[in-house]
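**Q** Build the full structure now, drawing on both the sequences and the hints.
Number of protein chains: 2
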Amino acid sequence: MGKNEEKSVINIAILGAGTVGGGVYKLLSGQKDEIRQQAGADICVKKVLVRDASKERPGYDRAVLTSDWADIVNDDDIDIVVELMGGIEPAKTYVLEALSKGKQVVTANKDLLAQYGEEIGEAANMNSADVLYEAAVAGVIPIIRPLKQSLAGAEITEIMGIVNGTTNYILTQMSETGMSYEDALARATELGYAEADPTADVEGLDAGRKVAIMASNAFHTKVVFSQVYTEGITKITADDIRYAREFGYVIKLLGVARNTDSGIEVKVHPMLIPQNHSLAGVGGSFNAVFLHGKAMDDVTLVGRGAGEMPTATAVLGDIIDVCRDILFDCCGRVRRNCYKKLRVKDISECESKFFIRMQAKDRPGVLANIAGVLGNNGVGISQVVQRSGNGDTAELVIITDRVAEKNFNDATEILGGMSVVKEISGVIRVYDNV
Amino acid sequence: MGKNEEKSVINIAILGAGTVGGGVYKLLSGQKDEIRQQAGADICVKKVLVRDASKERPGYDRAVLTSDWADIVNDDDIDIVVELMGGIEPAKTYVLEALSKGKQVVTANKDLLAQYGEEIGEAANMNSADVLYEAAVAGVIPIIRPLKQSLAGAEITEIMGIVNGTTNYILTQMSETGMSYEDALARATELGYAEADPTADVEGLDAGRKVAIMASNAFHTKVVFSQVYTEGITKITADDIRYAREFGYVIKLLGVARNTDSGIEVKVHPMLIPQNHSLAGVGGSFNAVFLHGKAMDDVTLVGRGAGEMPTATAVLGDIIDVCRDILFDCCGRVRRNCYKKLRVKDISECESKFFIRMQAKDRPGVLANIAGVLGNNGVGISQVVQRSGNGDTAELVIITDRVAEKNFNDATEILGGMSVVKEISGVIRVYDNV
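So the protein sequences, as listed, match chains A and B. Residue numbers are given in this note's numbering: position 178 of the first sequence equals residue 982, and the series is strictly consecutive. Residue numbers are given in this note's numbering: position 337 of the second sequence equals residue 1141, and the series is strictly consecutive.
What the hints contain is simulated information worked out from the structure, not anything from laboratory work. Watch out, some of these pointers could steer you wrong.
Heads up, the list lumps identical chains together, so a pair's fine if it works in one copy or across two of them.
Quick list of in silico lysine-lysine cross-link-like pairs, DSSO-like style, CA-CA up to 27 Å [to be verified]:
| no. | residue 1 | residue 2 |
| --- | --- | --- |
| 1 | 1098 | 905 |
| 2 | 1145 | 836 |
| 3 | 836 | 1144 |
| 4 | 836 | 1098 |
| 5 | 836 | 1026 |
| 6 | 896 | 830 |
| 7 | 896 | 850 |
| 8 | 850 | 1098 |
| 9 | 830 | 1144 |
| 10 | 1026 | 1149 |
| 11 | 830 | 859 |
| 12 | 1210 | 1149 |
| 13 | 830 | 1098 |
| 14 | 830 | 1145 |
| 15 | 1144 | 1026 |
**A** What follows is the structure, given as structure tokens:
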């Protein structure tokens, strides 16, 4: 095969024996012949790092378990460290130490990459090492490799991703059954799709980390999680979803990265997208990433964004690829390459169309008043629906034209203070292709 | 960067100055800085092979045009040959000669790969050379690299692709407007989506070549185009589409590759797929590939399958990847790897559900007669619709249970000979997930 022809076994260490770590261990044990053919050598799991090595772990060979990182980092026979612990520390220290010892790294750690991607990328470059992380974004969906390789010349200008399965499950439930956010969240928790503390998912933080990673790779510029604007789905109501449908839209939580002439936009927020958009039909716990580039037009990639085996499959693909690099002595071949210094726009500078739902006094002239305030702030109206409610209240739902967020916020602040406006019940951005 | 650090320019030759060749030339000229950063070196188009080098070609630097292959193959400074001529000869000779001279190859030639993929792969392996061909299947959609790398450990069992834009455009038109096949074909020709002789597209031959290439890569076994069963869309009628919709299906021309315990299935034919299947909404000239593997579940990839710039984008991704291999001295790193010898099943051994539409005499007992013939041949009925037509004719539409093709064919042959059956108007396979 390659140049390291004498190398017939590649030893790896897996950090973590949780869901994904267990899946990778299972896949590696279950299809040894297939993997040898693909990778060009046998892949041997020499160590698995766990917190408590004495704990009974069904399915694991007891001899590989260790709770001591030194057993791994100081073992020169271990070629690849597969980091599946998650979180910043000690994962960051372990990854950097592994690289400095000449080991290759595969990781699925979005928290780490979204915050310290540059540091890790530079350590990899310095050591001519591989750091592969296909599983860190959207599970089994091939997205990092397409960004770095297949679509390397595509000049991507827009990425929109449904990259959090928990929130997509909740919104799909709300949309299909009309249930409230609270009920849908409870159901997601019951089924194990949401964690006991769902904050990172429902507030868009998890999606935000994936946006930072995708934007860095697509636009070749450093983007860290703290630069990503995040807004979650906790305020979305069944009414919002119903009105959105009436206007021909569905509501999704989207991670958005755009490369514009005035800087890049990186944000996570709920969005109304047209029912015929390729992301609209992506339901349940599926993930999807939509890419647009001038030359390539639209590409949409759909698959499982989480789960033991889908994520493990993505990790395994990376491990096999690193094996090829080891055998061909070309580790570091595809490197972090953030050679640009692009400005990240503040959310107030971004532009969008908006859906705004409000309760107003049901009397003549109110719509004219409201439209006037919007107009005075440069907010055009694209569509409007007004419904009489109980007593003297009317529900007013407006979709605006494209407008700078700042103008829109100025307008809604004024609206909120008007005596005829009882409540602004919902504000959601609306897709508008750039 | 890599080991060939002194190498600051990589010279390529493009064979062909047609649509895709022109697109690649344009992309390479238009974003030199971006490409240098991505590829690690400048990419210089040293030669473009054309039939007539004296012809005026706007946009091309006259000095690079040549009609003499010897100018390219004997030029040791040319590192990569980008074959975009199409057809078997002389493309095959040129590709093999380029490999034997130590050059790397990028090609979009599905005809060549579907027939001589093994020969070319072996020549590449022997010369430790790259042969990359992402653009040969489904244009800009990343599919070859996911099969060989990202999903290398995914044990894919099923591939279903809308991999021909012409036929998808025709079927989408028929479905949306109710127009006939002939009218939709005429419209496609008018718009340039169909060629003057549309045979390769409408008879499923183009899709069949792509199926052979995908199956080889996914299942690691030699599959050539002649082994792929092909059936086109020329017999599909507006009535078929209307009834399909009534049953909850849309009709698509699909390239199918399945890995079953009894051998692999490779085929192209129209198919009824459920309206909520991820391929159902892929309209117009878009392509899409649906993949299923036990561990990874479903993955769907959607994008432009043809056109100057989308296809050129895929070719450019390959060129950049080969440059990295040259700079890291690791060409041949991802090789053709058909280490299995899997049997290709004959279509008669495959199983399917069927949609069958027929005109029968409208008199008591006819349905019982027909159902009896189906039952005697082991063909179960899943759904049936009967409509009285003009005079003494009734239209009968049946969706069967899953059955071996042989049994179904035996049954329809008997039905066709029955005096109460006036005509079998349509027979189309129905999706049934395995």
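**Q** If a hint holds in the structure, say so; if it doesn't, say that too.
**A** Hints, one by one, checked against the model:
For the identical chains of this complex, residue 1098 and residue 905 are neighbours neither inside a copy (42 Å) nor across copies (36 Å), given an alpha-carbon limit of 27 Å. Taking the closest pair of Cα atoms, residue 1145 and residue 836 come within 27 Å of each other only across two copies (18 Å); inside a single copy the shortest separation is 44 Å, beyond that limit. In this assembly of identical chains, the alpha carbons of residue 836 and residue 1144 lie at most 27 Å apart only when taken from different copies (15 Å versus 42 Å within one copy). Within a single copy, residue 836 and residue 1098 get their C-alpha atoms only as close as 43 Å, which misses the 27 Å cut-off; across copies the closest is 16 Å, which meets it.
In the homo-oligomer, the alpha carbons of residue 836 and residue 1026 lie at most 27 Å apart only across protomers (22 Å), although the nearest pairing inside one protomer, at 38 Å, exceeds that limit. Only within a single protomer do residue 896 and residue 830 lie at most 27 Å apart by alpha-carbon distance; the minimum there is 25 Å, versus 43 Å between protomers. For the homomeric pair residue 896 and residue 850, the shortest alpha-carbon distance inside one copy (21 Å) is at most 27 Å, but the shortest distance between copies (46 Å) is not. For a Cα distance limit of 27 Å, the shortest separation of residue 850 from residue 1098 across copies, 26 Å, qualifies, whereas the shortest one inside one copy, 46 Å, does not.
Proximity of residue 830 to residue 1144 under the C-alpha cut-off of 27 Å is restricted to the inter-copy arrangement: shortest distance 23 Å between copies versus 41 Å within a copy. When the C-alpha separation of residue 1026 and residue 1149 is checked against a cutoff of 27 Å, the pair qualifies only within one copy, where the shortest distance is 13 Å, while the shortest distance between copies is 51 Å. Proximity of residue 830 and residue 859 under a CA criterion of 27 Å is satisfied intra-copy only: 18 Å inside one chain copy versus 61 Å between copies. In this assembly of identical chains, residue 1210 and residue 1149 lie within 27 Å of each other by CA distance solely inside one copy; the values are 13 Å within and 63 Å between copies.
For the homomeric pair residue 830 and residue 1098, the shortest alpha-carbon distance between copies (13 Å) is at most 27 Å, but the shortest distance inside one copy (42 Å) is not. For a Cα distance limit of 27 Å, the shortest separation of residue 830 from residue 1145 across copies, 26 Å, qualifies, whereas the shortest one inside one copy, 42 Å, does not. In the homo-oligomer, the alpha carbons of residue 1144 and residue 1026 lie at most 27 Å apart inside one protomer (8 Å), although the nearest pairing across protomers, at 44 Å, exceeds that limit.
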